[in-house]
Every structure is written in structure tokens, then in C-alpha cells.
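Peer 1: This is what each chain is made of:
There are 2 protein chains.
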Amino acid sequence: MALVVVGGVAAGMSAAARARRLDPQLPIVVLEKGPAVSYGACGLPYLLEGRVREPADLIGHTPEYFRKERKIDVRTGARVTAISHPRREVVLESGERIKYERLVIATGARCDTSTIAGAGQPHVFTLHTLDDAERLRAFLRDREPRRAVVIGAGYIGVEVADALRRNGLRVTVLERGADVLLRDDAAFSAAVRNMLETHGVELRCGVKVETIEPDRVADVPCDLVIIAAGFKPNVELGLEAGVATGRTGAIAADDHMETNLRGVFVAGDCAETTHLVTGRPTWIPLGTTANKTGRVAGANAAGGRERFPGVVGTCIVGIFGTAFAATGLSVAQARAEGLTPVSARIEALSRPGYYEGVKTTVELVADRASGRLIGGSVIGEDGAAGRINVIAAALHTRMRVEDFERLDLAYSPPFSPVWDPLLIAAQQLVKQL
Amino acid sequence: MALVVVGGVAAGMSAAARARRLDPQLPIVVLEKGPAVSYGACGLPYLLEGRVREPADLIGHTPEYFRKERKIDVRTGARVTAISHPRREVVLESGERIKYERLVIATGARCDTSTIAGAGQPHVFTLHTLDDAERLRAFLRDREPRRAVVIGAGYIGVEVADALRRNGLRVTVLERGADVLLRDDAAFSAAVRNMLETHGVELRCGVKVETIEPDRVADVPCDLVIIAAGFKPNVELGLEAGVATGRTGAIAADDHMETNLRGVFVAGDCAETTHLVTGRPTWIPLGTTANKTGRVAGANAAGGRERFPGVVGTCIVGIFGTAFAATGLSVAQARAEGLTPVSARIEALSRPGYYEGVKTTVELVADRASGRLIGGSVIGEDGAAGRINVIAAALHTRMRVEDFERLDLAYSPPFSPVWDPLLIAAQQLVKQL
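Residue numbers (our numbering), protein chains in the order written: chain Z, 1 to 433; chain H, 1 to 433.
In case anyone wonders, no lab produced these hints; they're calculated from the structure. Quick caveat: nothing in here was measured; it's all calculated off a predicted structure. One or more of the hints may lead you astray.
No copy labels: a pair is met if it fits in one copy or bridges any two.
Listed below are the simulated BS3-like cross-link pairs for lysine-lysine, each with C-alpha atoms no more than 30 Å apart in a straight line [said to hold, decoys possible]:
1) 99 <-> 68
2) 71 <-> 431
3) 68 <-> 431
4) 68 <-> 359
5) 33 <-> 68
6) 68 <-> 208
7) 99 <-> 359
Construct the complete structure from the given sequences, taking the supplied hints into account.
Peer 2: As C-alpha cells, then:
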């Protein structure tokens with residue numbers, strides 16, 4: 001009897017490592033379909049850019065390390081084709097069957113290219129695995145493409161556009177929706193557009209790609225295409241085994257990351273979580289949540305009783321050196337949730353002008369009925385990550401704007417102005433409540 | 001009848017500006033004993049360093065600006081010698097009397113040099129006002145001192161030591177206590193010592209200076225002395241008028257920044273505030289609190305009803321490019337408050353190793369009885385300000401460590417590792433609860 005973990009990237013390896021720490025004797029098997037485990041998938045754009053030199057730099061630990069040092073039976077190239085929960089066993093492509101007592105499903109997400117005709121051509125790539133990145137790097141080196149189209153203006157899409165542009169390619173990003181970075185926020189999207197265009201990357205929104213021609217996408221000539229859209233949770237294996245998905249389409253779990261099947265846990269990009277601002281299920285597949293849910297699933301699979309309450313939707317992306325960060329709900333998202341949002345967007349210096357402060361944009365969103373902060377965004381070259389995290393912490397505790405305005409934030413000229421941009425935004429927002 | 005504000009630096013001008021905004025008609029008089037108002041006193045060390053070129057760069061607005069644009073009657077060189085609350089008037093050194101209906105006391109703090117013999121010599125300075133900085137700059141330029149002693153290892157002391165060292169002087173800092181930066185925390189102090197010594201600044205703790213000789217302090221030869229110790233709130237004017245001080249020795253106020261005298265408000269470095277972690281009165285004179293309390297005092301003096309709940313003691317200082325930041329209570333401070341603290345101190349990378357992460361030290365302190373976070377510190381070159389602010393926000397809401405551990409912080413390789421150092425520290429701390 002053992003703990004079996006299906007998937008060995010962020011969530012799966014976090015689960016296995018945490019289970020091992022809580023139970024030194026528990027037999028643990030990790031089944032990973034790919035050739036590597038425990039790699040930083042979020043670093044792939046930087047491998048493409050060239051900042052990260054070697055794929056090995058993105059690998060946390062090798063399977064050998066886990067086998068020898070952590071006594072975790074990590075098997076790569078091990079594709080699970082079925083889960084039989086009544087028998088408590090998983091079936092591998094090879095036909096091998098492995099018994100489990102507890103199971104962690106960490107099958108991740110994928111870029112679904114099936115809706116796009118021509119996605120199988122040799123100049124069309126996704127960037128989801130280490131393998132994808134290596135093939136793409138080889139293509140860049142050997143074929144020297146000059147004009148790239150990136151399909152999708154989510155995080156990976158803009159990071160890839162940035163990386164390719166820095167390598168001298170002409171880049172056009174095609175986005176199906178009106179907004180970018182998965183945030184229904186026109187001003188935020190306009191700022192991203194402005195940054196991309198300033199650096200020579202073209203962004204076209206409202207373009208739904210159905211076909212990739214050999215030399216063009218839509219009417220954009222190109223010799224390289226990256227599909228960074230159509231992300232879907234890998235739920236099929238779970239569904240066939242009787243694991244329930246939620247309204248987001250990802251696998252549903254309680255706050256112990258346990259699914260509807262007792263003893264079967266879920267973690268990472270295939271799992272639904274709770275949005276702590278709305279209280280509703282959400283699917284926001286991100287590496288940090290994958291690690292956190294993996295840790296909780298692993299602990300509980302090993303007999304612990306840890307909770308993962310949920311997320312507030314914090315995210316950040318660097319575009320040509322400027323951070324675009326958001327958390328909670330945008331005004332439009334809040335309206336869609338039936339709230340009555342009010343917001344304030346300000347520009348201020350990140351530090352005093354006499355200490356090289358640079359322009360920072362902060363928007364805070366509150367719910368008029370409750371006076372609580374429900375979201376925000378920060379854009380800037382200096383200190384944006386720290387600032388969005390303060391907003392995120394406030395969202396976790398359902399802080400009111402009037403309390404946020406009084407936060408005792410660190411002040412010294414090398415780090416911030418005496419009125420931090422966050423507090424200036426809060427002052428403006430309070431006036432509207 | 002008017003609002004009179006005594007003191008025109010951070011707190012005083014914040015109060016006046018806020019009162020004006022709430023009441024466009026209110027006669028407002030600001031009485032400042034010095035030659036300038038509205039300057040960034042926290043920038044003085046950088047003026048000394050040379051990073052800030054001109055004193056004018058530190059001045060927010062001139063008296064003329066306030067008079068013309070804000071219709072605030074700002075008078076510089078106007079020293080108030082007495083307040084007669086029964087008559088509702090202040091008396092100036094010139095003999096002039098000015099009537100008030102509401103009064104804001106923003107008299108600030110001073111560096112009390114009276115306990116040190118020889119403090120009046122021409123090579124001995126404090127760095128509290130713009131005037132101080134200009135005299136010191138002239139001394140540096142004209143006398144070309146080579147060996148400096150800085151008395152006091154608080155924030156200003158170490159900032160001045162940094163500034164002088166960068167200008168090529170040999171610098172020794174003498175501190176009366178065992179610790180530096182006003183934090184009873186041996187490891188934090190050791191880190192500061194290490195940073196200072198790495199950059200050639202000598203730090204000697206446990207040295208009480210009673211006399212400054214013409215060519216030495218204690219046994220340290222020097223031709224320049226900066227006194228950055230003995231800070232005291234300027235409460236005498238208030239006390240003589242019947243304004244009560246609190247147990248910290250600063251002027252006591254309710255959470256509307258109103259003193260025991262109705263209609264008399266207090267703000268800035270002369271005011272006591274509430275420490276939100278201990279619930280007790282505290283005196284932590286900092287520019288950001290001066291601005292906040294000034295704003296609240298000004299609003300309420302103009303008929304508003306705003307609250308200033310208190311501080312959590314957040315502070316940050318840059319020493320040779322590395323941030324030393326702290327908030328809430330150290331372990332020793334928590335013990336002194338009768339709590340049972342537990343803590344975890346970790347070192348981790350500020351970003352992934354493959355994205356130029358640098359070493360960051362985080363300590364989190366919790367109260368064992370309640371499981372709540374009660375303090376923390378962050379040391380590092382990258383992202384320390386943002387991280388201490390997340391801890392500060394958590395202190396404001398009395399967050400439990402187990403909730404802190406689940407914070408949905410922003411993750412992307414250019415900004416943080418997948419497990420932020422804050423979360424790693426929280427994981428370690430949870431184990432001890």
C-alpha cells in the first residue's frame with residue numbers, strides 16, 4: 001500500500017516531498033509522463049529568452065535525487081492511462097498496475113490546440129513543458145525565424161512575446177478577447193498594449209484564430225507560431241475514474257484538497273480552488289498555487305489535516321522590465337459578480353523624486369456596500385511585486401479601505417515615498433465610499 | 001478665529017493642507033520657527049551623501065506656494081513661545097499673539113545634546129533640520145574632515161555613517177545600548193554590524209558618550225562628530241499650556257489625535273500613538289506617521305471625524321544598498337511585553353537562482369498563546385520593503401501564522417521564487433506553534 005502521485009512537476013513533487021516529510025516510512029510513487037520532474041515551468045520563457053542558459057538550470061531536483069535522498073520512487077516516462085478507484089490502482093501505458101491507498105492527482109493543464117487547424121505544423125509550438133522549450137530553442141537556432149505570431153495574450157503569451165522580441169524577431173500577439181492577462185480591465189490592458197508596442201510588439205485583440213497557414217496566421221505573415229491559448233485542466237483521467245469536476249471544469253476539492261472520492265486528493269493546475277474574495281470556485285492555474293495545493297494534498301494524503309482556504313487571484317508578469325500585477329477583482333469582474341464596485345486609479349512615484357522614483361500606477365477596487373477592498377492592480381518598474389502583495393494580504397483578511405489607508409508601511413527614501421502609492425490610492429478611494 | 005498649526009514640517013503642513021481641503025474658507029496659520037516648511041527631513045542623509053544635490057530638492061512646496069495656491073498663511077521664522085488655551089491664543093517670540101479656535105501642535109522632536117559635554121564645538125553637528133544639513137555640508141567642503149564619529153546607531157546614525165563613508169571618511173559609530181536600529185534583536189543587530197564593517201564602518205556598542213573632546217570621542221580620534229542620539233519629543237510648549245503627555249513622554253492623544261484639551265490636536269514626532277500589536281501607547285517618531293497623524297489632526301481640526309488607530313512599528317533603512325526592515329515586536333520585545341514568543345529565521349533567495357535571486361533573511365515572530373503573528377524582520381537587497389509591508393499588513397489584522405502561510409503572493413521569476421521567503425519563514429514558524 002502506498003501513496004501514488006500522478007504528475008511530477010510542481011504540484012506532484014510538492015505533494016510527494018511533503019508526504020515524505022510527515023511520514024518517513026510511507027511508500028511513495030510519483031508517475032510522470034514526461035522525461036523530467038520538479039522543474040520550474042514558469043522559467044521556460046526565460047530559457048527561450050536566453051537569460052536561463054540551460055534547461056538543467058530550471059530543474060529543482062532530479063529523479064535520482066528524489067529516489068536516493070527522499071526515498072520517493074519517481075518514475076519518468078510513466079504515463080497513467082486509467083485509475084480504478086474500486087481496485088485502488090492506477091494503470092500505466094506499459095500495462096503495469098500500481099496499487100495505492102491514497103492518490104494525489106496532479107495532472108496539470110495543457111494548451112488545447114485541437115480547435116486550431118494547422119497546429120501540427122513543424123513551425124507551430126506550445127511552451128508548456130521543458131521538452132517544448134528545447135524543441136523551440138532548436139527551431140530558433142536552426143531555422144532562424146524572423147516573424148513570430150503568438151496566439152493568446154495571457155501570461156505565457158506576453159512573456160513569450162517579450163522573449164522572442166529580445167531575440168530580434170518581429171512579434172505579433174493575437175488575442176481572441178478584448179483584454180489581456182486574463183483581466184477584464186480596459187485600462188490595465190491598455191497599459192500592457194502600450195508597453196508591448198513601445199518595444200515593437202504588435203498586439204491585436206478580438207482576433208480568433210481558427211487556422212494556421214504555413215506562412216501566416218490571420219493576415220499576419222510569420223515563420224513561427226506559438227500557441228499560448230486554450231489552456232484546459234487535465235481532468236479526463238480523473239473524470240473516468242469518477243472524480244468530480246466543479247463548475248469551472250477543473251477537479252473539485254474540499255479545503256483539504258480531497259476530491260469526492262475518499263483518499264483521492266488533487267493539486268495544481270488541474271484543481272479548482274476557492275476565490276476568497278467571491279467565495280466561489282475558481283480556476284486560476286499558477287505555479288505558486290500548484291506548490292501550495294501540492295503541499296496540502298501531500299500532507300493530508302500522509303494522514304495530516306491541513307487546509308488550503310483558497311486564492312485571491314494574485315498574479316504578476318514582467319513585460320520588458322515593467323511589472324504588471326493584479327489581485328482580486330477588477331471593476332468589471334466585480335460587476336459580473338453582482339457587486340457594486342468603486343475604484344480609484346492613481347499615478348505616483350515609487351520613491352521620492354530626489355531618490356530616483358519612477359512612475360507607478362495603482363488601482364484599488366472596493367465594494368461600495370461593505371467598504372471592503374476587493375481588488376487592485378499595480379504597474380511599474382520598482383516595487384510592484386511588494387505592493388500587489390500588500391493588497392493581496394488585505395484581501396485575505398477582507399480589509400476595509402479605511403483601514404488599508406492607515407497601514408503602517410515602511411518608509412525610507414531608497415524604498416518608498418512618505419506616502420506610498422498604495423496609500424495615495426486608498427485616500428482617493430475612501431472619498432468615493 | 002482660525003486654525004493655528006505650530007510647526008510646519010511633515011505633520012504640520014499635512015495638517016494644514018488637509019484642513020484646507022476639507023474647509024476652503026477656514027483661516028489657517030502655520031507657524032514654523034525655521035526658515036523652510038514642508039521639507040523631506042528623511043532625505044537629509046542623502047543630501048549629505050551627495051545623491052541629493054541641492055536642499056531645494058528636498059522641499060515639497062515653498063511658503064509662497066502655500067500662501068498663494070492653498071491660501072494657508074505660512075510664517076517662517078515664527079517661534080511660538082507660549083500657548084494660552086484659556087485665551088485661545090499663541091504667543092510668538094516677537095510678542096505677537098494669534099488667536100485660534102482649533103490648534104494643531106506639530107512641534108516635532110529634537111536631538112537633545114544637553115547631556116553631552118562639548119556638544120557645542122564647531123565640529124559637532126546634529127542632522128535634524130535642513131539648516132543642520134547645510135552647515136554640515138559646508139563643514140565637509142571647507143574643513144575636509146577625515147575621521148568622523150557618529151553617536152547613536154538608530155536610523156539616522158547609520159544613514160549618516162553610510163553617507164560619510166561614501167564620501168571617503170573613516171567612520172566610527174558609538175552606540176550606548178547593545179543593539180542598533182532601536183530593535184532589541186541580537187541577530188538583526190549582528191547583521192547590521194556585519195554590513196557596516198564590510199563597508200569599513202566601525203560599530204562599537206555599549207559606549208555611553210558623556211564628553212566630546214576637541215580631537216576625540218571616547219578613545220576614537222576624530223575631526224567631525226554627528227550626534228544622532230537622545231531624541232526627545234518637543235513637548236514643553238504643550239506641557240506649559242496644560243497639554244498632557246503620556247507614559248512615553250510624548251503628547252498623548254485619542255484616536256482622533258485630539259489631546260486632553262478640547263480643540264487642541266497633536267501630530268507628528270511630538271505625539272504618542274498606539275502600538276497596534278501591544279495595544280499600548282508608543283512613541284515611534286517617523287516621517288510616514290507624522291504625515292498620517294498630521295492628516296488626521298488637520299481633518300478633525302477642520303471639523304472632520306477621522307481616526308488614526310495607531311502603528312505597528314514598521315521601519316526600514318538602507319545600509320550600503322541593503323535594506324534592513326522590521327515591524328511589530330522582536331522576540332525580546334515580545335517577552336518584555338509579557339508574551340510567549342516563538343520565532344523562525346530563514347535565509348532564502350529573493351527570486352529564483354536562475355533569475356539572479358539574492359540572499360534574503362526573514363524572521364517571523366508569533367505569540368504562542370494566540371498563534372498570531374506579532375512581528376518580523378527582512379534583510380536583503382531585493383524586495384525587502386515589499387516583504388516587510390506584507391508582514392505589517394498582517395499585523396494590522398492580527399493574522400494567524402497559519403493564515404499567513406497561505407497568502408496568495410505574486411509569483412513570477414523576475415520578482416520572486418515560487419515559495420516566497422515570507423512563506424518559507426511561515427512554514428518554519430508554524431512547526432513551532
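Peer 1: For every hint, state whether the structure bears it out.
Peer 2: Hint check:
Proximity of residue 99 to residue 68 under the C-alpha cut-off of 30 Å is restricted to the intra-copy arrangement: shortest distance 22 Å within a copy versus 82 Å between copies. In this assembly of identical chains, the alpha carbons of residue 71 and residue 431 lie at most 30 Å apart only when taken from different copies (23 Å versus 58 Å within one copy). In this assembly of identical chains, the alpha carbons of residue 68 and residue 431 lie at most 30 Å apart only when taken from different copies (26 Å versus 60 Å within one copy). Proximity of residue 68 and residue 359 under a CA criterion of 30 Å is satisfied inter-copy only: 28 Å between copies versus 50 Å inside one chain copy.
Taking the shortest Cα distances, residue 33 and residue 68 sit within 30 Å of each other inside one copy (20 Å), while across copies they are farther apart (72 Å). When the C-alpha separation of residue 68 and residue 208 is checked against a cutoff of 30 Å, the pair qualifies neither within a copy, at 49 Å, nor between copies, at 57 Å. Taking the closest pair of Cα atoms, residue 99 and residue 359 never come within 30 Å of each other, the shortest separation being 57 Å inside a single copy and 43 Å across copies.
Hints 6 and 7 from the list above are not met by this structure, while the remaining hints are.
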